[in-house]
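A.B. asks: Residue numbers (this note's numbering), protein chains in the order written: chain F, 5 to 335; chain R, 47 to 446; chain B, 439 to 931.
No lab work stands behind these hints: they were computed from the structure.
Wrong hints could be hidden among the right ones.
[Claimed, not checked] Calculated pairs, PhoX-like style, for lysine-lysine (alpha carbon to alpha carbon, straight line, at most 25 angstroms): (1) R:Lys195 x B:Lys652; (2) B:Lys622 x R:Lys198; (3) R:Lys175 x R:Lys441; (4) B:Lys622 x R:Lys195; (5) R:Lys198 x B:Lys795.
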Amino acid sequence: MHLLLASIIDTVRQLGWGGAFELLRNGIVLGSLYALIALGYSMVYGILKLLNFAHGDIYMVGAFLGYGVFTQLGAPLSPVVSIVPLLILTFLAGMLGAGALGVVVERFAYRPLRNAPRIAPLISALGVAFFLENSVLLLTNGNRYNYNAFALGGDPNTGLPGTLFDPVFSVDGRPVTVVQVLVVATSVGLMVALTLLVRRTRLGKAMRATAYDREAATMMGIDTDLVITSTFFIGSVLAGAAGVMFGLYIGETYHFMGFLAGLKAFTAAVVGGIGSIPGAMVGGVLIGLTEAYATGYVGGQWSDLVVFGILILFMLLRPTGIFGARAIQKV
Amino acid sequence: MKKLVLLPLIATLAVAAAGSGGASTQSPAAAGSALIKCGKTRTIGMAAPLTGDAASLGLQQLRWAKFFVSRYNRAHKTKKFRLVQGDTQLPNTAQALAVAHQFASNSKILGLVGPAGSQEVQDTVAVYKAGGLAAVTGSATRVALTRSKPGKPRETPNGWFYRTVPNDDQQGARVANWIDKQLKKKRIYIIDDEEAYSQGLADQVQALLSARSGFHVSRDHVSQSVSDFSSLITRIPANTQIVYIPWQLAPKAQLFFTQLRANGKRAIVFGSDGLFAPGTFNAVGSYVSAFPIDFNSAALKAYTKSHGGKAEAFGLPSYTAALVNATAIDKACKDGKASRAEVHKFIKKTNLAKTKTLLGFSVRFLSKNAGASQGPGDMAAPADFAIFHIENGGKYVRVG
Amino acid sequence: MASGPDLPNVPDRPDAVDRPRIGVDEWVAEAEERRERGRGPGALFSRGWGTTPPAVKLLLLIAFAGTLPLYLNEGDLFSYGLYTLLYALLALGLNIVVGFAGLLDLGYVAFYGFGAYSYALLSSNHYGIHWQAEASIPVVVAATALLGLALGLTSRRLLGDYLAIVTLFFGQAFVAFTNNANPKVAGKGITGGSNGIPGVDPINLFGYELHSTKQYLYLLLIVFVLAATGLYFLNQSRTGRAWRALREDPLAAETMSIPVNRLKLMAFAFGAGTAGLAGAIFAAIQTGTVPGNFDISLLITIYAIVILGGLGSIAGPLVGAIVINVSFQFLAPSNDHPELKRWLFYGAIVVLVARIKPWTRAAFVLAGTAVFGIVVHAIVSSVAPSWTAGSVVDAGSTSRQIADWVVIPRGHASFNTIAYIALVGAIVTLAQVRGWWRAVGLIPTLYLVAVVWENVLVEQPAVTRLILFGALLIALMQARPQGLLGTARVEIV
């Protein structure tokens, strides 16, 4: 044990402030992606008390749809449009496609089970996840596709990064690239838009009411079916955006990518307090930072365990998550 | 009411489904020595991970095996081969065990390609042996499967395991020598992907280079499920000259390379045969150790053309494994009848020319220990690895 | 018949089918009566089954499973018999935690793994310790139960979904520990990393060593029968009643001074112990253990088995295990009966279509699909021959007929993707329409199903079974959300 601690301290000293900044940067970028996916989990749980295990696969489909449009438009080696419209189209494809899929999944797998015991939609969600993952496996033969946004605007023959990976600014020699700023800015923008939607619009009010008490909301004349469909749509749109951004930033798109990302986002949602929107955002960034620092300082062998250990301790100390409300049980 | 009718219905269906296998013989031992009529279509079993974490690797191997079968079937009119697939779902070896029992009991199967993973081999070879099937695999590279070393006994019974791919120690020795003698770099950072294949290679290279003077060798691990390597890259010191990544998944290695460059680190990336994937791993300036494939062979060109421009060299040894089985079965079937024991005999005596194996060397199997790290079941010399350099445009050029 | 005040004759709401029957106690009371009233063979069987004592049911099971080796070959015995019983044992343990006590434990497979590794450490070449099974198995079960107790301690602070997430972490942490961390103890890595621990001894009971599949089958059968019997008695006892109270309403149970915390710990411990026992036997069967054996997909399978069988019933896990494992192994590509599978597939479609009432509509759909297919095939083969030039995979005697009916192109790479997505889209649209429109729309959809089957699914049988498994889970939850042997629950407001 003390050997491990000694090596951690050694690494911290070796990496210094520059290394610490790099890990901070990595954690924030990846954390904002987790936050976007976690938002979908939290919103759906808040309204239906359902853990939508298929959410990660909607993220995966969003990434694939974005990939399809990205490559059909000739990118990254010979794009037919310039970078900004290219990115906008890719985003739209991923987001709208994922949203549509989310609505279809809700209609088919969850709506008929609205009054069934809670475990039935859970299993149905697992069935949907299996179905989506393996359908994509079937259609792609398990191949791993790569957006290769790395080469966009650059010269593929030299192996050096293209425009998206140019540094915007550097701290202690560690670059922060265009794509990283893009990811964080888009995530923050989408989260702000969501918060405004929930707090300022009628639909948002209806969503909050339905989350609080579905029966009462129906009696107040709110069309809960429409509200639930919109919740799924918005959550899936966010997940689709996260998928496209993951593709642009990291690149890899394959059938199983939604599983692990979904798991981490689910963790983020619970750590932040499931059902709470600011909780999902904070939880996502927290998970991202924990992972980055654990990997950076502890290294591959023990880093996973350290992350789990920290999370378990956190949950024991604060059982309902950061923003989770202590549920008042009615007797 | 209705729901409890389901119970006996389920039971009957279960029996029917299970009992539909009644055509095969009862025990694997009987199936091993049973003489069956060869007929026009002969059956080879293929055990590989077709779903789950390692699906992309298993499917590559399946594609190459299917490529062999379709070429063979087109070239021959009176005899055909058929593949029976077994999904082993690596790294969960429980299904590999079930597949092994089913193949062993299926009396139509005369030969076996696989199992793909070293862990699977160690758990299932006893079952295959009981059924008389010798495992001929294109990817299980752990040294202990064929060669015992002090502290690590040989893990398979002699004569029941063959592989059409050189083992980890051979590859590790080649890589270490190249880094030392040719590249002459001293600061190495080794990262394995926490799977058996990778850990074996990384251990070997680390041991060999650490023993030589003047080398600065660091070792790290990363999970196969990680795509964001930025924090891992942070750990790599800026003055590292070579990063050795003996990974199985070429797309991951490509991601690692681009992220490494995006973070401003200029180390040379050195990969193993899992990364030999023209079209996927285009890391200009990198080195890859792989078998000396001949890019100009007609078969390789045909495969690349029909599979979207991807050569997928990881699965190539499965083609050779299928070829080994097919040749042995053909010889055993010359008199119209064959048994698994006969096929096994012919597999031991395999002698295939360089032009047919597609690996760049001829294939014969050892029956005794040879060299520093080879044992019975490994391929005899000249089977060894070559070093490739990736030039501008992603072109693979053989340099050693 | 009504037990309360007379209800006025108000017509049902249009969506009455979707809504729970609120406040209608007599519907609950009538459930039993409906069973008594039934006249068909199904009702007769269900009455008979309900009145047979559990001992007889157990004897039937033993007779059925015990005679399996007589007609199954070894490979089928292994995958159908052995694995079904193993999963049933695991599901039995999970049923204690989820079904009886109502706690969502997503780290259950870690106990299975812990049992396997403990047995492997005590009876293998890894450290040279070779305890016999009668010594090592009790130790393994006790150790795993203690671990379950430790995990159960977290359930004091955490409720519902939060407990789920901590147990999930625990499960993931176990895999991370065995695969990556692998700390060095007494000179070598304790869990052997990704290679696991090979060379585990087979089960050696008082000198009698078990080697063959048949012997392990009998061992598992005995263990399962003992576990099920023990569980049955536990269920009948005070503890079982307390667990049921805890599951239905934890708050009410606590106010009735039922020791809720102690019961939760007991549930965890019992469930973990069962999993540990199953793990030890599994390690002996596989003569080794690797971390990949204990991943999340196994957890999902066991959960599906428990839910399918019905939470809280004792025969449920066995029924669920039979349904899921048998269909899984049957659909596996290594089960080498492609013709049989094809017949079953088309047969199942015909049976499902035949359930459409009235029979004229069903006949119309079937006949229409056949004609549609012939017409489309004729048109396509005359206009663009390469689209029907492909050959049928593994069809045997019916390949001519199928080749004349289904469009199988050769060399058009994206056809498969488009056909598959078109099929999913067709099913989605079909669900929106009703009546004759649905019957008409069913014809091209069924033809598309056949096209996708012959072109895509037969080529990749391994993935197909997982897709069908996913679709099965979705459909089953809608048809019968309480599982096969669970009881219909009614919300009383």
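A.B. asks: Each hint needs a verdict: does it hold in this structure or not?
C.D. replies: Results for each hint:
Taking the CA atoms of lysine 195 of chain R and lysine 652 of chain B, the gap is near 36 angstroms; set against the 25 angstroms cutoff, the hint is violated. For the given pair, lysine 622 of chain B sits about 17 angstroms from lysine 198 of chain R by alpha-carbon distance, which is consistent with the 25 angstroms threshold. For a cut-off of 25 angstroms, the pair hint linking lysine 175 of chain R to lysine 441 of chain R is broken: about 43 angstroms separates their Cα positions. Simply put, lysine 622 of chain B and lysine 195 of chain R have alpha-carbon atoms about 20 angstroms apart, close enough for the 25 angstroms limit, and the pair holds.
About 68 angstroms separates the Cα atoms of lysine 198 of chain R and lysine 795 of chain B, which puts this hinted pair outside 25 angstroms; it is violated.
Against the hints set out earlier in the document, violations occur for numbers 1, 3 and 5.
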